[in-house]
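With the hints as extra help, turn the sequences into a complete structure.
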Amino acid sequence: AKAKEAYAKLNKIAKGELKAEALYYDAYFKNKEGKFDASNKVVEKIAVDYSGYKYFGSKALIIMAKNYFSLEDSFQATEILQSVIDNFAEFDDVIAEAKKELDFIKSEEAKRNSSITN
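So in this note's numbering, spot 62 of the sequence shown is number 62, and the numbers just go up one at a time.
Keep in mind that the hints were calculated from the coordinates and are not lab data.
The beta-carbon is built from N, C-alpha and C at its ideal position, and this holds for glycine as well.
Incorrect hints may appear among the rest.
[Claimed, not checked] Derived lysine to any residue pairs resembling SDA-like cross-links, with alpha carbons at most 25 Å apart:
1. 54 x 11
2. 45 x 92
3. 2 x 55
4. 41 x 82
5. 45 x 89
6. 100 x 57
7. 32 x 18
[Claimed, not checked] Simulated restraints on C-beta separations:
8. 38 x 104: 16 to 24 Å
9. 38 x 100: 19 to 27 Å
10. 90 x 1: 30 to 38 Å
11. 112 x 9: 38 to 46 Å
12. 82 x 17: 22 to 30 Å
13. 13 x 41: 28 to 36 Å
14. 41 x 16: 17 to 25 Å
Below, the structure written as structure tokens:
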């Protein structure tokens, strides 16, 4: 709760990379609260206005993928994660998180598809 409050204050005054980080955490907290569409709007703002800050942009895309999965759009989620894996190799921690999330989604989808009968 304290971190959320601190980042909200920072979001109002920050510029540059610090603003990208504050926006990332805004998207993160909205995701945790189940506000998936609102979280995606914040990620879109990072992508448009702070695209030069690739670390927070790539991390934000993972949140967007989680949002889409929660909104039952596994296709969009997996496409975003694969894009992160393909395009942000310089960030080992981000790639590891994207792969972990992609494996999780594929596993969940396999469960759903195996329960379908003809």
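For each hint, the structure was consulted:
Restraint check: the Cα-Cα separation between residue 54 and residue 11 comes to about 18 Å, which is no more than 25 Å; the hinted pair holds. Restraint check: the Cα-Cα separation between residue 45 and residue 92 comes to about 24 Å, which is no more than 25 Å; the hinted pair holds. Taken as a hint, the residue 2 and residue 55 pair is honoured in the structure, with Cα atoms around 23 Å apart against an allowance of 25 Å. For the hint linking residue 41 to residue 82, the alpha-carbon distance of about 20 Å falls within 25 Å, and the restraint holds.
Note on residue 45 and residue 89: the hinted pairing holds, with a Cα-Cα distance of about 23 Å set against a maximum of 25 Å. The hinted pair formed by residue 100 and residue 57 meets the criterion: a straight-line CA distance of about 18 Å does not exceed 25 Å. For the hint linking residue 32 to residue 18, the alpha-carbon distance of about 21 Å falls within 25 Å, and the restraint holds. One distance hint, 16 to 24 Å for the beta-carbon pair residue 38 and residue 104, holds here, with the actual separation near 23 Å.
Between residue 38 and residue 100 the CB atoms are about 24 Å apart, so this pair conforms to the stated range of 19 to 27 Å. At about 33 Å, the CB distance of residue 90 to residue 1 agrees with the hint of 30 to 38 Å. Between residue 112 and residue 9, the C-beta spacing of about 41 Å keeps the proposed range 38 to 46 Å intact. Hint check: residue 82 to residue 17, Cβ distance near 26 Å, so the stated range 22 to 30 Å holds.
Separation of residue 13 from residue 41 is about 21 Å and departs from the stated range, judged on CB atoms against 28 to 36 Å. The hinted window of 17 to 25 Å between residue 41 and residue 16 holds, with their beta carbons roughly 21 Å apart.
This entry does not satisfy hint 13, going by the numbered hints stated previously; all others are met.
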